[in-house]
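Asker: Sequence:
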Amino acid sequence: MAVTLDTYAPYDSGAGADAREDLWRQFMRYMKGVQFGNGVFRTAATAMEVFADSTGMQVKVRAGEGWAQGQWGQNVTEKTLPIAAAHATLARKDRVILRNDFTLNRFELDVLTGTAAGSPTLPPLTQNTSKWEVGLGGVDVPALDTSIGAAQVFDNRTWIDDAPVVARKTSNKTVNNDNVIANHTDTQLLPLMSANATYTFEAFLIYSATTTADVRITAVGPTGATGQICPAGLVFGAGGIGADIEMGVFDLGTTLVSGGAGAGTKVASLLRGTVTTLDTAGPLGVRFAQNGAEVSDAILYAQSTLSIQRIA
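Under numbering that gives the first Met the number 0, the first residue of the sequence shown carries the number 0, and numbering increases by one thereafter.
The set of hints was computed from the structure by calculation and includes no laboratory data.
Incorrect hints may appear among the rest.
[What the hints assert, rightly or not] No more than 20 Å apart at the CA atoms, straight line, and that leaves these computed lysine to aspartate or glutamate pairs for DMTMM-like:
no., residue 1, residue 2
1, Lys59, Asp11
2, Lys130, Asp177
3, Lys265, Asp243
4, Lys172, Asp185
[What the hints assert, rightly or not] With beta-carbon atoms standing in for the labels, derived distance ranges:
no., residue 1, residue 2, range
5, Ala292, Thr45, 54 to 64 Å
6, Phe249, Ala1, 17 to 27 Å
7, Thr186, Ala162, 15 to 25 Å
8, Ala1, Thr173, 41 to 51 Å
9, Ala87, Thr222, 21 to 31 Å
10, Thr211, Asp52, 41 to 51 Å
11, Asp52, Ala1, 37 to 47 Å
12, Ala292, Asp5, 49 to 59 Å
13, Ser53, Thr186, 38 to 48 Å
14, Val179, Gln57, 36 to 46 Å
15, Ala301, Gln57, 37 to 47 Å
Just so it is clear, CB atoms sit at the ideal spot from N, CA and C, and this is done for glycine as well.
With the hints as extra help, turn the sequences into a complete structure.
Answerer: Following this line, the structure appears as structure tokens:
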């Protein structure tokens with residue numbers, strides 16, 4: 000069942016036709032910033048995030064604002080959307096959407112119920128002269144499910160105000176006697192990416208490590224993301240700040256080893272590359288650990304940055 004947004008404009012009739020000065024001011028704020036057509040505004044409240052809290056066969060959509068085919072809609076209060084009953088034996092994937100309905104002259108939230116299957120996929124979006132749908136979230140619905148939990152929901156949003164985004168570390172991260180890189184996704188370097196989009200990225204990672212421990216570094220994206228990365232850092236085992244630089248190209252998520260120049264001696268890795276997301280939106284993350292576990296500290300310093308720029 001579709002749920003209408005709180006505010007939307009401009010339309011020929013209905014609530015969206017009440018285009019007073021204050022309403023025009025609200026949606027015209029975004030005219031210059033719309034770069035990728037249709038989707039959600041990253042900077043508007045909680046950006047229409049979809050979530051579930053194990054309160055039954057339902058999901059919830061937080062406040063936010065969206066844009067589709069030249070029209071704007073605003074969700075002021077949290078909305079609850081029902082999820083259809085689960086299949087008896089097969090799983091399915093549902094898609095939570097924002098819809099601009101040109102026939103009904105309104106913006107609304109809805110759930111597209113997927114097809115139960117052995118390997119379910121998200122139902123397609125309708126984008127034609129009658130309606131234009133954009134994804135907000137995906138919902139995994141296993142067979143016989145009776146309640147949707149938080150882990151069953153994944154992000155499917157597309158950001159349309161995709162100016163360059165820069166995440167910056169404000170405190171040091173210290174790794175001691177640990178070379179398991181999967182344990183160490185940095186919590187401050189997590190810029191958000193849209194679903195079904197391509198980005199370039201560049202990190203300025205200031206670190207120190209001993210010449211025997213060195214460091215492991217990589218970049219990871221949300222489920223299904225692929226890409227290429229280049230470490231642009233000291234060659235492993237180099238032993239000094241004037242050593243050779245590693246410029247090889249590797250798959251996204253590959254563990255790269257960069258050299259340390261001595262405990263407390265700062266050097267940088269200019270990790271860069273490209274990443275393409277699929278149906279799951281989410282952050283690009285940096286992982287950092289020692290290469291050889293030892294009691295001396297490897298430190299990823301404050302003022303390190305990770306920037307992303309959407310290109311497609």
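Asker: Each hint needs a verdict: does it hold in this structure or not?
Answerer: Hint check results:
1. Lys59 - Asp11: violated (30 Å)
2. Lys130 - Asp177: violated (53 Å)
3. Lys265 - Asp243: Distance ~16 Å between Lys265 and Asp243 Cα, so the pair holds.
4. Lys172 - Asp185: With a Cα-Cα distance of about 8 Å, the restraint between Lys172 and Asp185 holds, given a limit of 20 Å.
5. Ala292 - Thr45: 54 to 64 Å: Violated, since Ala292 and Thr45 (Cβ atoms, about 40 Å apart) do not stay within the stated range.
6. Phe249 - Ala1: 17 to 27 Å: Because 45 Å falls outside the window, the suggested range is violated.
7. Thr186 - Ala162: 15 to 25 Å: Because 23 Å falls inside the window, the suggested range holds.
8. Ala1 - Thr173: 41 to 51 Å: Given range 41 to 51 Å: holds, Cβ gap about 50 Å.
9. Ala87 - Thr222: 21 to 31 Å: Holds - the Cβ-Cβ distance for Ala87 and Thr222, about 27 Å, lies within 21 to 31 Å.
10. Thr211 - Asp52: 41 to 51 Å: holds (48 Å)
11. Asp52 - Ala1: 37 to 47 Å: violated (22 Å)
12. Ala292 - Asp5: 49 to 59 Å: Cβ of Ala292 to Cβ of Asp5: about 53 Å, so the range 49 to 59 Å holds.
13. Ser53 - Thr186: 38 to 48 Å: The hinted range 38 to 48 Å is violated for Ser53 and Thr186, with Cβ atoms some 25 Å apart.
14. Val179 - Gln57: 36 to 46 Å: The hinted range 36 to 46 Å holds for Val179 and Gln57, with Cβ atoms some 38 Å apart.
15. Ala301 - Gln57: 37 to 47 Å: Check passed, 42 Å falls within 37 to 47 Å.
This entry does not satisfy hints 1, 2, 5, 6, 11 and 13, going by the numbered hints stated previously.
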